[in-house]
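Residue numbers (our numbering), protein chains in the order written: chain A, 1 to 156; chain B, 1 to 264.
Don't read these hints as lab results, they were simulated from the structure.
Even for Gly, the Cβ is constructed at its ideal location relative to N, Cα and C.
A few of these clues could be false.
Claimed, not checked - Only some residues are given here: those of chain B computed to face chain A with a beta carbon under 8 Å:
1) Lys5
2) Leu21
3) Lys39
4) Leu42
5) Ala43
6) Asp46
7) Arg105
8) Arg137
9) Ser138
10) Asn177
11) Arg181
12) Asp225
13) Ile227
As the list claims (entries may be wrong) - Computed list of lysine-lysine pairs in DSSO-like fashion (alpha-carbon distance at most 27 Å, straight line):
14) A:Lys7 - B:Lys39
15) B:Lys39 - B:Lys8
16) B:Lys5 - B:Lys39
17) B:Lys85 - A:Lys116
18) B:Lys26 - B:Lys5
19) B:Lys39 - B:Lys26
20) A:Lys7 - B:Lys8
21) B:Lys17 - B:Lys5
22) B:Lys17 - A:Lys7
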Amino acid sequence: MPTVVMKVNGTNVSHDVPANTLLVSFLRETLGLTGTHVGCDTSQCGACIVHVNGESIKSCSILAAQLDGADVTTIEGIANGDELHPMQQAFHENHGLQCGFCTPGMVMSAIELVAKNQNLSEREIREGLEGNICRCTGYHNIVKSVQDAAGKMHSA
Amino acid sequence: MYSTKYVKASDVDDAVKALKLANDGKFLAGGMTLIPTLKQRLANPDCLIDLSDCGLSSIDNEGIGIRIGAMTRHVDVATSAMVQKVIPAVAYLAAHIGDRQVRNRGTIGGSLANNDPAACYPAALLALGGTVHTQNRSIPAEDYFDGMFDTALEEDEIIQVVSLPKPEKAAYVKFPNPASRYAMVGVFVAKFADGVRVAVTGAGEDGVFRASELEALLDTDFSADVIADGMVSSDGLMSDIHASADYRAHLIGEMTRRAVNACA
Chain A
1 MPTVVMKVNG TNVSHDVPAN TLLVSFLRET LGLTGTHVGC DTSQCGACIV HVNGESIKSC
61 SILAAQLDGA DVTTIEGIAN GDELHPMQQA FHENHGLQCG FCTPGMVMSA IELVAKNQNL
121 SEREIREGLE GNICRCTGYH NIVKSVQDAA GKMHSA
Chain B
1 MYSTKYVKAS DVDDAVKALK LANDGKFLAG GMTLIPTLKQ RLANPDCLID LSDCGLSSID
61 NEGIGIRIGA MTRHVDVATS AMVQKVIPAV AYLAAHIGDR QVRNRGTIGG SLANNDPAAC
121 YPAALLALGG TVHTQNRSIP AEDYFDGMFD TALEEDEIIQ VVSLPKPEKA AYVKFPNPAS
181 RYAMVGVFVA KFADGVRVAV TGAGEDGVFR ASELEALLDT DFSADVIADG MVSSDGLMSD
241 IHASADYRAH LIGEMTRRAV NACA
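Okay, chain B solo, but in the shape it has when bound (with noise of 0.2 Å):
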């Protein structure tokens, strides 16, 4: 690693203080991704903002659903109560994220911030219709994924709180990579009162996505049985040595199936 220096902000106010008197600081959230990245020497920070004494760590039911501040961790929103009662496809989905160890570490916020085209919880974010709240602006989540590893979070916006609209039912499914363990696709169904919300993760080329096909499908028929197989278009799917474009859209089908039957 590059030698850095290392900032713990006291708060939301001290760490974009402290991000403006470096020259290329960088936020650390759990640091489950940006630690083994500047191992790596893929990034050279001179300066490292600590957010996790920013009071940040938080889960609140907000009455259409749950508030989670962005320092919270993997674990505790798997093991939470109230998420457990009030959206548990979103503790499954916390409890499945990396290992243990990356879960006792890793962060809802940084997750978003990183945006990984790999990553879970942006599909829940999008297929919930979540709002990420930043100390400037409330951002929705349609308006918040910018392509791969982007979003819409400006170099000095923090995110504070999320928010996850309580659906009807929902559920999120994964096919990990045998070895890694990312998803090469996972899918987060949601059927609310208004239509079905299908989020799709690993498998496209600008990161998460809605997969509308489907979305129409499951609106007139929430069954299983409505999608068959080679419905789903490798159009702007990820190819890679993991698999194929085409791989990667039947898991989509199968893992949109997987989910739909476990939202029962």
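So that you can see chain A by itself, here it is in the shape it has in the complex (with noise of 0.2 Å):
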């Protein structure tokens, strides 16, 4: 059974787990992160995407033996304690959820979106959520989140 050390959120953690264990499992179950959900187990809704290395990946479709050593950020790991993180607080702002399932992944996915993108057109934001998928359809004030935290992020 390989072990597998990484940064998770900030802390150390190492544990042996099956070779076959998909890095969103060991978020949800090894490691009790559940914020992180499985949509679609067929790496097309991005509901649980996270950060490796600073890049958004969806943990569904890799093997966290694969990730050994890397620093992985969750959505529980975005917020500074009681202060939301700029893209959540948008989400909250804008109503950018209905039933709040995809939300995870589409607040991960949006993080990086905006942090390597300035000045980002509606378009552009759609076309950068292609990962994502909303099942209530509520992507228009989703792309309005996102747009407010663009403006916060990058004058912050």
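Could you fit the two chains together into a complex? Lean on the hints.
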């Protein structure tokens, strides 16, 4: 059984897990971090998106063993204490969620999108969130939330 | 997913050794096809051999074009200033594969080794007349593709580098399926001093192919106007729930016109 050593949300973790353990299972079942969701299980919906070494990836499509030594951030790791991340705050203020199931993945995907791109147009935001599906079809307010957060993240 | 073993190879020799020790080992690149396949229990390898530490990620200018290491991710090709300058069509192609998360993991070598009939990179390799370099030999694009999901690669052969010659002009245009975003038809047009090459992905029953009739027309006049509606035959094209062979034939003509215009 491979030993997986990672930093998750700033904390070093080490666990022996079967080689076929997906990162999302490692996060949810081994570490109890259930904010990262499993939506489709076919790599399409993006509810499982987390950051690995600062880049967004679908945690349902990668083995924990592949990421031995990596720095992983989940939705639980982005707020600063009680202060929400600007992206979370923007989703809150713009009603960027309905059922909320896709939200963790949307937020994690959007944070990377905004961090790597200045002056995103609405179209670029929609294209940038191509890997995320909202089953409530609540895209309009999700895009508004990302636009709002982008302004705050880049002015900060 | 069935249970399996996992090995992170330290170099190509180490990976080949691990494959020989396994009964039914599989090389793992970015895993954007392999891991979902394993999750569906469509494959049951007893060992996964991860190539990510084999030193195969690189982008170099080789004079006549670019050389891209097999484990170079789509995001790295898409954002490479060198690729954008030398063959911008390849950077564009890489920037439109899958979604951002797929591009953060998926690799050129994985895409070419898998040879999905709707993958984008095979069209670039074939249209540019590129070469696949393994630890054993160099395989020209013409000899590399061997039908859907099949290539000239031997079981233990690992792509190390892909070389892509620089054309005078090139463009890639695809018509993505509205839901899956896979190419229903993707056309890579490359104009070289000695002729035009047109490669089509997403449409052929045997995977990627060259549209030789369109090439001949574009050789005489490199203009979108030479391609008329109804000119492309539907022989040998896929028909499925997404598109009939006739519709795909139409898309090949239209995507070729758009690609020629995008070359300007």
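Against the structure, the hints come out as follows:
1. Because the beta carbon of lysine 5 of chain B sits about 6 Å from the nearest beta carbon in chain A, less than 8 Å, this interface hint is met.
2. The restraint placing leucine 21 of chain B at the interface with chain A is violated, with a minimum CB-CB distance near 15 Å, outside the 8 Å limit.
3. The interface hint given for lysine 39 of chain B is met, as the beta carbon of that residue sits about 7 Å from the closest beta carbon of chain A, less than 8 Å.
4. Restraint check, leucine 42 of chain B versus chain A: the minimum CB separation of about 12 Å is more than 8 Å; hint violated.
5. Because the beta carbon of alanine 43 of chain B sits about 12 Å from the nearest beta carbon in chain A, more than 8 Å, this interface hint is broken.
6. Below 8 Å, beta-carbon pairs count as interface contacts, and aspartate 46 of chain B has none with chain A, the closest being about 10 Å; its hint is therefore violated.
7. Taken as an interface hint, arginine 105 of chain B checks out: its beta carbon lies about 6 Å from the nearest beta carbon of chain A, inside 8 Å.
8. Nearest Cβ of chain A to the Cβ of arginine 137 of chain B: about 29 Å, over the 8 Å cut. The hint is violated.
9. Interface restraint check: serine 138 of chain B against chain A, minimum CB-CB distance 29 Å, threshold 8 Å, status violated.
10. Restraint check, asparagine 177 of chain B versus chain A: the minimum CB separation of about 12 Å is more than 8 Å; hint violated.
11. Against a cut-off of 8 Å between C-beta atoms, the interface hint on arginine 181 of chain B holds, since the closest Cβ of chain A lies about 7 Å away.
12. Annotation: aspartate 225 of chain B was flagged as interfacial toward chain A, and the flag is violated, the nearest CB pair being 30 Å apart, outside 8 Å.
13. The beta carbon of isoleucine 227 of chain B is not positioned within 8 Å of any beta carbon in chain A (closest approach about 28 Å), and the interface hint is therefore violated.
14. For the hint pairing lysine 7 of chain A with lysine 39 of chain B, the CA-to-CA distance comes to about 25 Å; that is within 27 Å, so the pair holds.
15. For the proposed pair lysine 39 of chain B and lysine 8 of chain B, the alpha carbon gap of about 20 Å is at most 27 Å, so the pair holds.
16. For the given pair, lysine 5 of chain B sits about 15 Å from lysine 39 of chain B by alpha-carbon distance, which is consistent with the 27 Å threshold.
17. Under the criterion of a C-alpha separation no larger than 27 Å, the hint pairing lysine 85 of chain B with lysine 116 of chain A is consistent with the structure, at around 21 Å.
18. Restraint check for lysine 26 of chain B and lysine 5 of chain B: satisfied, since their Cα atoms lie roughly 10 Å apart, inside the 27 Å limit.
19. Simply put, lysine 39 of chain B and lysine 26 of chain B have alpha-carbon atoms about 15 Å apart, close enough for the 27 Å limit, and the pair holds.
20. Simply put, lysine 7 of chain A and lysine 8 of chain B have alpha-carbon atoms about 19 Å apart, close enough for the 27 Å limit, and the pair holds.
21. As the CA atoms of lysine 17 of chain B and lysine 5 of chain B are separated by approximately 15 Å, the hinted pair is consistent with the 27 Å bound.
22. Annotation: proposed proximity of lysine 17 of chain B to lysine 7 of chain A is violated, straight-line Cα distance about 31 Å (limit 27 Å).
Hints 2, 4, 5, 6, 8, 9, 10, 12, 13, 22, counting from the list given before, are not met by this structure.
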